[in-house]
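**Q** Here's the letter readout for the chains.
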Amino acid sequence: MNSPATDATGSEASPTGTLASYAVDGMVPREVVLPDSIEEVSRVMASSSSDGQAVLPLGGGTLSCQGNLPRTYDLALGTSKLAGVLYHEPADLVASVQAGTTVSDLRSTLAKGGQTLPLDSPFPDQATIGGIIAAGYSGPSRLSFGDPRDWLIGINVVTADGRVSKAGGRVVKNVTGYDLCKLYSGSLGTLGVIVEANFKLTPLPDDHATIIGAFDGPADAYQAAKSLLSLSYHPHSLLLVDGNLAGHLDEEMLPAGKVVLLVRHSGRRSAVKRKAQDTNRILQVRHGRCAEVPSGTDGSLWQKLIDLDWRQDNGPDMVLRASMLPSQVEGFWAAFHDDTHTGLQRGMSADVGMGIVKLCYWAGAVPLGPEGQDSILLEVARAVREKARSLDAHLVVQRCQPSVKAHIDVWGEGIEGLEVMRRIKEQMDPSHTLNPGRFVGGL
Amino acid sequence: MTLSRAQLIRELQGIVGAENVIFHPDDLLVYEYDGSVDKAVPEAAVFPANTEEVSRVVAMAHRENIPVVGRGSGTGLSGGAIASLGGIQVVLTRMKAILEIDEENRLAVVEPGVINLDLDKAAREHGMRYAPDPSSQRACSVGGNVAENAGGPHCLAYGVTTNHILGMEVVLEDGSVAWLGGKARETPGYDLRGAFVGSEGTFGLATKIVVRLLPVPESVSTMLGTFPDIDSACTAVSSIIGQGVVPAAMEMIDSVSIGAILNVTKDVFPADAGSVLLVEVEGLREEVEETRGGIEAAMYDTGAIEVKTATDPAERERLWQARKGAFGALGTLAPNYYLVDAVVPRTRLADMLAEVDRIAKEHDLMVANVFHAGDGNLHPCIAFDERVPGTLERVMHAGGEMLEVCVGMGGTLSGEHGVGLEKKAYMPLVFSEDDMDAMMRVRNAFSPAATFNPGKIFPGGPEHPGPVQGQAGMRAAPGDFI
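Top line first, the protein sequences correspond to chains L and P.
Just so we're aligned, residue 1 is where the first sequence starts under my numbering, counting upward by one.
Just so we're aligned, residue 1001 is where the second sequence starts under my numbering, counting upward by one.
Only chain L is shown next, with the shape it has when bound in the complex (with noise of 0.2 Å):
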């Protein structure tokens, strides 16, 4: 993990120690910066601008494998300084931010008002809601309650240049400009440094419920899914496991070789033991041994699966993630089920709901070394990939080794709007200084 060091302050010349746990994708910085202002942060963008400086903005680092590798690594812009909850009005529903506070700082002051902001992170101690936002990061929970722009009323960012500049606002409902908050978030810090946010909040929910469906095979419960789907509501969470990928996550709940279906239910107490109970039925209409995971305990279980992705130890080697219609997704599945590499360990889930697959590769059991690893992996990307194709769907490599990234564009190609979003980092960037060649099509 690339935890931040916190003894670099300013613009001082960074300890080696330090520079090296600002690495991205194996490439080291030449200096560190940590701002504790607004100002400061613009000094060092001013600057960095007109002296040509690459800068990577950097929150807790835990999802800072994603993205092509940088073209070019001067300067970390560390946010670990610009931290704390700036406002909280529950009576409002309303908080505001500043970018380097962790997801767990932000969810135990809201929670303090019986509120929270029901965005998944991976790593919570350590990700930050700067970082959340620029990665558009969204978990299992997106299926109720979508990505960081959905909940994201305002942001304040320091463009390329130096300027601090402002979209959206405090109020809740807000069509005063463009609404920039929506192109901020998902932009990787290609666009400008994001300091602070303001986010719509929902009231905490009173209860959880998680239960978990093991099917022999994977058309039996994705009809499961399927139906769970079409109720009037929709679960928190519903998630496909393979038996491989449960396997990782050292879970007793989770049997091993079955296709596991886990389904998540929050809200009123009432409302959440009558979709418990719907859940149970239907998973058992469709042949699932049903097990509820005892009530308290489920929210670490989603916080592994969670975590999976992104994790250090033993996390996997590459994740390729495709995206499709919900309808594709059996189809998509049925035609991976039965793919083996040699020596590859593969798991796969899918948020059936979104239309999200996501293939977790784990090498360390191919006899041929690192080298030979990386050439395996890099074989099995292009070829995912192509088959997504055929399939209608979308693969991004969302996490691979740097020696895989250097022959592959991990966004993929033929993205549609291409030429707008150029446009858009000519625009907003034109000396290419935030993240170059990290995002989709090198911008």
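Take every hint as true, because none was put in to throw you off.
Below 16 Å or equal to it, Euclidean Cα-Cα: the simulated EDC-like pairs (lysine to aspartate or glutamate) are:
| hint | chain 1 | residue 1 | chain 2 | residue 2 |
| --- | --- | --- | --- | --- |
| 1 | L | Lys226 | P | Asp1102 |
| 2 | L | Lys273 | P | Glu1286 |
| 3 | L | Lys226 | L | Glu330 |
| 4 | L | Lys258 | L | Asp220 |
Sample of chain L residues at the chain P side, in silico, Cβ under 10 Å:
| hint | residue |
| --- | --- |
| 5 | Gln115 |
| 6 | Ser138 |
| 7 | Arg149 |
| 8 | Gly192 |
| 9 | Asp206 |
| 10 | Asp351 |
| 11 | Gly353 |
| 12 | Met354 |
| 13 | Gly412 |
| 14 | Phe439 |
Hints in this document: simulated from the structure, not taken from any laboratory.
Using N, Cα and C, we set each Cβ at its ideal position, and we do this for glycine too.
Since the structure of chain L is provided, determine the placement of chain P on it from the hints.
**A** Frame of chain L, contents of chain P only:
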């Protein structure tokens, strides 16, 4: 423009057919206004039938440096569909096909001219619905909703238009056609879809729109709380939200508006009420019943005189029709109205309403309030008679003062109607030069020659008379909405 007007008309006729171009000044009068206070006559209005025709019209206009102004049903409230600098109005009402309703993927693909309510009705035949419900939903188009990022009462729980748009096919100013987003939930790259929604027709013209559909809830309950005054109803709003409940909708109507509504719909609300609060909750039977009980208690605790629950769909529909027709009903009080679309943090609602009242009294004006209380989205509506000399100027000054107070409370200029022509002079109240510069850069990326809807949103540039010098106020009629 190198073409003569006659040549321009002939070119347009060549693209869309002679019967689909309007150019006679008398015919164009219909297209000189929308639901706001400004007016301007375009050179021509064209009615394309498909994406290709839109593309050819736009490419020609771009080549000739003629502004292009998109128009749906013309119900907008900020001048977005007005050709303030002249040009070609591209009216998308002929493109009104619902191309696809996909039950399994819970989405629909529609052309921009589809009426909002027609989409909702079509979705309901498949057990789904389209959630954003502007009060003008019987008339307004989905394309217009996308341009303005329209809201509506039920956006409290479900979010505004942008939360329900998955993607769209758009025509850019050089006539090229691009997809922003798509049917799949995840598409890589910048969220161009999100940037386009609410860009008020300045980025391009949407020619196909993919919308997200939601399941119809199992149970719905609509409550009507009657309060002695507006302050106690505001306290009820904070109390309900403070309880950890976000209803599907929470609408407030003041005594002036109640009087107007009762002129049109008899007995729908108590005549002597100081205000009423219309609250709807949806979900599973169990949670609706539980939530309903909590809301009822909160309303009584904060001073409600009476809380009634609509018992059947017909009664619910009657309440909502009265609410959504409120602004039309104001036509029974005065011949004109001017509507302000201010948003404040929910906790400042009572303060803001007091300020609205103060400003109205200072200018000797009558104000009615019907608004989305749950969102903090006020709609002070100044009723007046434009025939009385000097009145319109007073109205505009009062509206401006209300916006200034609202921004001072941490609010903003527009919650759902857009900036357009009407509020562009006030943008510096909210945004700095650097804020607006970032927005202009994005506009330059989509539309470098500013072919689409020039002169809107941002102050300065080729000027159109600002709000204070605005022209005639809108004439209210029972068919008008907000």
